[in-house]
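**Q** Chain by chain, the residues run as shown.
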Amino acid sequence: MRSNMRSKIPSLITCIALVSCTGREASVSNTATGGTVVVVVPGDAHTFFPPHIEEGIGAAVREQLYERLADMGDDMNTVGDKGFTPRLAERWDWAPDSLSVAFHIDPRARWHDGDPVRASDVRFSYRLFTDPKVGSTTEIPNVDSVSVRDSLTAVVWYKKHRPEEFYDLVYQLYVMPEHLLKDIPLEDLRKSDVTRRGIGSGRFRLVRWDAGQRIELVADTANHRGRAKLDRVIWSVVPDAGAAIAQLLGGQADFLEFIPIDQLHLLDSSKTLRPAPYPNFQYAFLGFNLVDPKSPARPHPIFGDVRVRRALSMALDRRAMLQNVFGKIGRLSYGPFPRTIAFADTTLTVPPFNVDAAKALLDSAGWREPNPGAVRQKNGQPLKFSLITPVSSRPRVAYSVLIQEQWRKVGAQVDIEQLQANAAGDRQRSHNFDASLIAQSPDPSPSGYQQQWGSSGVPPNGQNWVSYRSPAYDALLDSALTTFDAAKTRAYMRRAFQLQIADAPAVWLYDVPTVGGIHKRIQYAPMRPDGWWIHLADWTIAPNERIERDRVGLGATTR
Amino acid sequence: MRRYLAARVGQSLVVVLLVTAISFLLIRLAPGDPFSFVGDYAISDAVRDRLRAQFGYDRPLIEQFLLFLGNVARGHLGYSHSMHRDVGSVIADALPRTLLLMGAALVASFAIGIGVGALQAVRHGSWLDRSTSGILLLFYSIPDFWLALMALLAFAYWLPIFPAGGMVDQVMHDYMSFGGRVRDVIAHLILPSLTLALLGAAGIARFQRAALLEVLPQDYVRTARAKGLAERGVVFKHALRNALLPIITLVGLSLPALVGGAFFVEKVFSWPGMGYIAANAIASRDYDLVTGTVIVGGIMVALGSLLADLLYAAADPRLRAR
Numbered sequence: 292m293r294s295n296m297r298s299k300i301p302s303l304i305t306c307i308a309l310v311s312c313t314g315r316e317a318s319v320s321n322t323a324t325g326g327t328v329v330v331v332v333p334g335d336a337h338t339f340f341p342p343h344i345e346e347g348i349g350a351a352v353r354e355q356l357y358e359r360l361a362d363m364g365d366d367m368n369t370v371g372d373k374g375f376t377p378r379l380a381e382r383w384d385w386a387p388d389s390l391s392v393a394f395h396i397d398p399r400a401r402w403h404d405g406d407p408v409r410a411s412d413v414r415f416s417y418r419l420f421t422d423p424k425v426g427s428t429t430e431i432p433n434v435d436s437v438s439v440r441d442s443l444t445a446v447v448w449y450k451k452h453r454p455e456e457f458y459d460l461v462y463q464l465y466v467m468p469e470h471l472l473k474d475i476p477l478e479d480l481r482k483s484d485v486t487r488r489g490i491g492s493g494r495f496r497l498v499r500w501d502a503g504q505r506i507e508l509v510a511d512t513a514n515h516r517g518r519a520k521l522d523r524v525i526w527s528v529v530p531d532a533g534a535a536i537a538q539l540l541g542g543q544a545d546f547l548e549f550i551p552i553d554q555l556h557l558l559d560s561s562k563t564l565r566p567a568p569y570p571n572f573q574y575a576f577l578g579f580n581l582v583d584p585k586s587p588a589r590p591h592p593i594f595g596d597v598r599v600r601r602a603l604s605m606a607l608d609r610r611a612m613l614q615n616v617f618g619k620i621g622r623l624s625y626g627p628f629p630r631t632i633a634f635a636d637t638t639l640t641v642p643p644f645n646v647d648a649a650k651a652l653l654d655s656a657g658w659r660e661p662n663p664g665a666v667r668q669k670n671g672q673p674l675k676f677s678l679i680t681p682v683s684s685r686p687r688v689a690y691s692v693l694i695q696e697q698w699r700k701v702g703a704q705v706d707i708e709q710l711q712a713n714a715a716g717d718r719q720r721s722h723n724f725d726a727s728l729i730a731q732s733p734d735p736s737p738s739g740y741q742q743q744w745g746s747s748g749v750p751p752n753g754q755n756w757v758s759y760r761s762p763a764y765d766a767l768l769d770s771a772l773t774t775f776d777a778a779k780t781r782a783y784m785r786r787a788f789q790l791q792i793a794d795a796p797a798v799w800l801y802d803v804p805t806v807g808g809i810h811k812r813i814q815y816a817p818m819r820p821d822g823w824w825i826h827l828a829d830w831t832i833a834p835n836e837r838i839e840r841d842r843v844g845l846g847a848t849t850r
Numbered sequence: 009m010r011r012y013l014a015a016r017v018g019q020s021l022v023v024v025l026l027v028t029a030i031s032f033l034l035i036r037l038a039p040g041d042p043f044s045f046v047g048d049y050a051i052s053d054a055v056r057d058r059l060r061a062q063f064g065y066d067r068p069l070i071e072q073f074l075l076f077l078g079n080v081a082r083g084h085l086g087y088s089h090s091m092h093r094d095v096g097s098v099i100a101d102a103l104p105r106t107l108l109l110m111g112a113a114l115v116a117s118f119a120i121g122i123g124v125g126a127l128q129a130v131r132h133g134s135w136l137d138r139s140t141s142g143i144l145l146l147f148y149s150i151p152d153f154w155l156a157l158m159a160l161l162a163f164a165y166w167l168p169i170f171p172a173g174g175m176v177d178q179v180m181h182d183y184m185s186f187g188g189r190v191r192d193v194i195a196h197l198i199l200p201s202l203t204l205a206l207l208g209a210a211g212i213a214r215f216q217r218a219a220l221l222e223v224l225p226q227d228y229v230r231t232a233r234a235k236g237l238a239e240r241g242v243v244f245k246h247a248l249r250n251a252l253l254p255i256i257t258l259v260g261l262s263l264p265a266l267v268g269g270a271f272f273v274e275k276v277f278s279w280p281g282m283g284y285i286a287a288n289a290i291a292s293r294d295y296d297l298v299t300g301t302v303i304v305g306g307i308m309v310a311l312g313s314l315l316a317d318l319l320y321a322a323a324d325p326r327l328r329a330r
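As given, the protein sequences belong to chains F and R, one line each in that order.
Per my numbering, the first sequence starts with residue 292, numbered consecutively.
Per my numbering, the second sequence starts with residue 9, numbered consecutively.
Only chain R is shown next, with the shape it has when bound in the complex (with noise of 0.2 Å):
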């Protein structure tokens, strides 16, 4: 097993290495720099190649990216230019918030798709099997930013119970009791977590009904209700407890696809986490602040995958062996 989690590690490293080079390389092969905003305050090219000197981005990329590592592995990620500040302290900001939105966000997916996709199973063929299958399948397929936007016209504006962005009231948080900005974020949380969930949801709800098809004719479940267990009993405590293995590999597997969604809901829903960031940076050519996003979301990729391998083994006595 040690062996197993050493070698998936290194796996894991090569992964963010090779982002890191590719995010590296990309963003500075995209026209423009951090100096090259146009407007009416464009700085001179004198001053624009100043700059670039004075941190080195004149230099072989090569050599940026050897210079770069280096920074890294000593820690320091580099300084950003449109947030003016050391990229490791604007990601130490960033990221806690986003760990909320999405840990909200997985809980919420694997509620709802845990619930419908086992709903949809015990029903299977009548016409809320059919119609769930319609509704998940349309999630499925809605653009992540698209159902953002919609939520936050249906629920920000025509029916305003939500509000509209940000993770605080702006003006308000810091005159609230502790209760209440506990349900001032809460309430911000609601819109871009429930709009992550859901596209989730549709996939694992897809998941968790097929593994329950596929279990409920087996001969101890056939066992169960012979002995006379209730219906609910035999599908709660006998049949979804077995169906739930394969979903459990989808709780590290989700993490790649809600940090690329949450990419898209952080900037409609202003966010201030690690998308959020990230979309400002590659807009103004903020070069630290991008690769360094990258390599946060690479290392929380295979985290993720890592995790669902862990979480697979504890869970199959098997794999465990192996």
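Bound conformation, chain F alone (with noise of 0.2 Å):
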């Protein structure tokens, strides 16, 4: 392997022959930090300016370059502010009312720059969230507005008193520098060439960004919270997933988030490599169509009957399914919930897997076979829809072939239609199909349900594809976001969820299992569901098994 061939070299000659050759002087980290990673990524990020972030890569790179005022942790409750760690802010006061709170910035908080970091950039980046004008991809609804008490001093005024508002601004609102933005119009910071800088306050910073080819961070050696204990931080594009793995086996990458499962064996014969399986909020499920796609106002001709989709479920070998996809790191669905998430419940009851008692259902929903092995009908109108799968997941293509199958053998004719994320998500946004597959990611509190499942969520107005509507299960979730008690939450949402098991607007299949490949001379901090890259800056070389390119230091680049 090159990696092992490079780790070879003495690392007195290699230090001696860059900064002859170079002229650059390549500092030397000492032994607690130092290193370099370089994460190999199958697309760009298309921005890291926080109102603007639209992809994960993105959202990766503005977590290292920007900063809340507070983070949430590792136990990942959203209920007050039990459990958040400062960050932007040291500490933060509540009024006795509760209804704002006063969050006092770290004096020694420098923007990149070198500009010191004040509470009035904390009120410029709510507006930046909020005004229609920047075209924010995520929401503060909450809060009122944001004022400003001193220069190290800002407070927020909520509109309601709620569980979740402590959590609801300081997950969503990450802080931008008032004096580098402040006079470029609204509309136009989608196009500022300062939006692409990404000057902020975090533990790295960004030296470079080749558009289509990488992104390079280094550690912030002033920062407020200590410097980044890797030197360098390097996001390599390589789209095509084959190239991507060739590049980690042959040693010019350190990490690939996701490998896939019918490749993890690569890992295993690697003497460079180990897999890092780490927990997200990802699952995925079969979802109904309850909508006709020719007049969403209408129910669905076939799934329009619960029974009908019972049936289907019951239809289905979901453990079997599992297995064959999956192996053993496969992990079923309880429901439509990732098991990471504060109020999973793995005690809940789905429709068993039984044909017998799914064909009798059939019959009673008035679906029968004309002649044994038949296409179901009813009416005239056989029982038989399409089943959209993106083509860029391979678990869930193979999936759709297996439920083809066995849906076969209830009488239920499925066309599969592949089809490219784009072209999927379109289809679902204007309830232009009958089944998907989908993975979905909530946000880690009840609040996401309401965009996923609640009413208020069908499209246009959020991601409740399936077009479910409930208003006992609307309630419930109303009653999740206004209980202060974490107890009364998850009792809440295990009503909420046995309620839409029993509606049965999806067949919940899996926990979407994350394997990345990482070089073994790194050391990683704990990964979090929300991200594996939060605490990126804690991630450590030990010296002894630095190779060469852990040894460029940070170069010209210190601050």
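Honestly, the hints are just simulated from the structure, not real lab data.
Since the structure is predicted, the reported quantities are computational estimates derived from the model, not experimental observations.
For every residue, glycine included, the Cβ atom is placed at its ideal position computed from N, Cα and C.
Among the hints, a few may not be true.
Claimed, not checked - Listed next, the stretches of chain R that the computed footprint assigns to chain F, with coverage defined by at least 3 CB atoms under 8 Å from CB atoms of chain F:
1) 36 to 43
2) 57 to 68
3) 224 to 230
4) 273 to 285
Stated by the list, open to error - In silico negatives: residues of chain R with every beta carbon more than 10 Å from chain F:
5) 29
6) 83
7) 157
8) 180
9) 238
10) 240
11) 303
12) 317
13) 320
Combine both chains into one complex, guided by the hints.
**A** Written as structure tokens, this is what we have:
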């Protein structure tokens, strides 16, 4: 392996060679800090500008460049401020009525250009997230306003006292430098070069972005929270999945965040790599469109009947499919949630696999076989529909074939439509589908469920792609969102989930397993379900295990 | 000759205009738009509508197209939403990289193709001729992306002698000497250019073989042999020179194939050229960037075709006289 060969080169010779060849100083890191991590990713970030973040790579880089006022603890609690830890704010004080909270900015905090961070930056950032001219991809609905008490104190005023008011604000709001952005018309921010410079207050700062090729960050040595333990992180863009794995195996890259299940054995046989499984919030399901694609005001001609949905759910052997597609690493869904979420409940009962019961239920719903083995019919209409599968997801493509075969056995004919993610998204957004294999990540809070399963989340307002509407479900979500008692939140959510499972708007398939591949020399900090990158600044590489690229240091880029 | 040249330039302009119109229409007919990303950070429909209006995507197609043409005429190719930069500057960065890759591939493909074709013609009917014909047919039939992946697997993983992708070493390149940087680029260039070269060489070798077989039995070759010239001199100095004429045409005609091949090969090898950005632009429905890359690709193909005609005219006095 190239990396092995490189690691044998004595460090002293390397450093001398680097200095003599380039004339640029390659600073040698001390023992506690140093090293370079090359992360290989399938696509470039569209932007790092926090209000415009659209995809995971942009979010990963944003997390390193910008800061929140406070961060959620690793227990992912979203009620009150329990477990939240200081970030840009060194502390915060609640008003007696809990309708406002004063954030005290760490006086040591500096932007990457050297200017101090001020309370007015918080107010300005709130404006950027909420002004429609900016076109933010995230919303902070419960905040009424942000005021400035003094240069280091920003006061956030809420519309209502709600259990998740603290989380709603600090999790969404990344603070941006007013002095650099204030003179740019808000509608021009999307095209502004200033937003591409990524000047924030995070523990890494941007030194290079070659669009479509790489993003390079180095440690901000003067950071108020301490410099990042790594010197340098590079996101290397490799669109082809096979080439990405080849770069990892060949030693050009150190971390690939997702190794396809059929390639995991390559890590076992590698001398330099190891698997890095980590939690995430993604779960996959087969969603039944509950509205007529031709006339969304009417119920779907097949899936409008809950008996049909339940029968089709019971006709699927979820456990066997899981084993078939994922082998040992698969985790079965217990309902509309990933197990990583704080209020996940693995004691809920989902419709059991029972082909005979499924057939009987279809019979009772009026869908009968004209002759044994034929496609069922009702009033002359065949039990025939399409299933959308994103072609980019190998597990879901495999599931679609298994599902097609199992439904054929109960007299349902399924036509699989393999589509690009964009095309599938468009079809879902316009209600133009019958059934779809979907992977979704909820917020770690009940409010995410309003967007993804509540009546208010039916497109175009949210991501309730199947148009599931249940007043009782909505009421339970509302209750979960208004209680300040975490145990009650769990109880309300359990009732909501059980109701949803009984309504069978979907077949709950699996928690999406995520296993990355990482170079053995890297010691990574705990990876959180909301992003493996959250603690990236705390990843380390032991001095005796460093290879040539780890010894580049900060170069001429040190602040 | 000038009239002929003017006519060919005129034809090329019409072709580029047609290609532009078709690509402009097709990318807009595809599902989704630059703001239809579906994921954890999906934007609301209200914001999406606002952005569509801001960038003029809510206007009738014909109006959008005329506006686009007007901008192109003024030298503005539009704005890339996926790169967050002007399309012109994105293409200005990518085009030299593609030209470098295509140039290297073109030279290598002709060197290999002419050499192998000549060897086959000289050994016509032998086992060498038959076996190389089979191998060439295999390369001719292989899909470019598959050959690229196999090359990657073989020479970047099983036998790790070349880097697995990119144009330079992402970390160390800036810290290398000038010579080291050049070697770094060459090391990254070898696999993608050889992949393209092998695909192109197969066709060139077939042409070269046929052309040389046509020339070898001719009287002047027999005369050269009768004069006592060594066989190598007969083949290379007399026969091959004349048999190169039809191959010259292929130089220009190879460009469209190379542009098409580069699309996939650049993606597999993460070579940041025109094909690479075009593939990413299509996936993210980056309207202006897709159309911009198609325009530039169309111009390259038209220029290639024109070049082929000019080279042929330059090489053949009968054509030049017309």
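**Q** Indicate, hint by hint, whether the structure satisfies it.
**A** Verification of the hints:
no.: 1; hint: 36 to 43; verdict: holds (count 3)
no.: 2; hint: 57 to 68; verdict: holds (count 3)
no.: 3; hint: 224 to 230; verdict: violated (count 0)
no.: 4; hint: 273 to 285; verdict: holds (count 7)
no.: 5; hint: 29; verdict: 23 Å, holds
no.: 6; hint: 83; verdict: 18 Å, holds
no.: 7; hint: 157; verdict: 5 Å, violated
no.: 8; hint: 180; verdict: 6 Å, violated
no.: 9; hint: 238; verdict: 47 Å, holds
no.: 10; hint: 240; verdict: 42 Å, holds
no.: 11; hint: 303; verdict: 19 Å, holds
no.: 12; hint: 317; verdict: 35 Å, holds
no.: 13; hint: 320; verdict: 37 Å, holds
Going down the numbered hints, you'll see the structure goes against 3, 7, 8, while the others check out.
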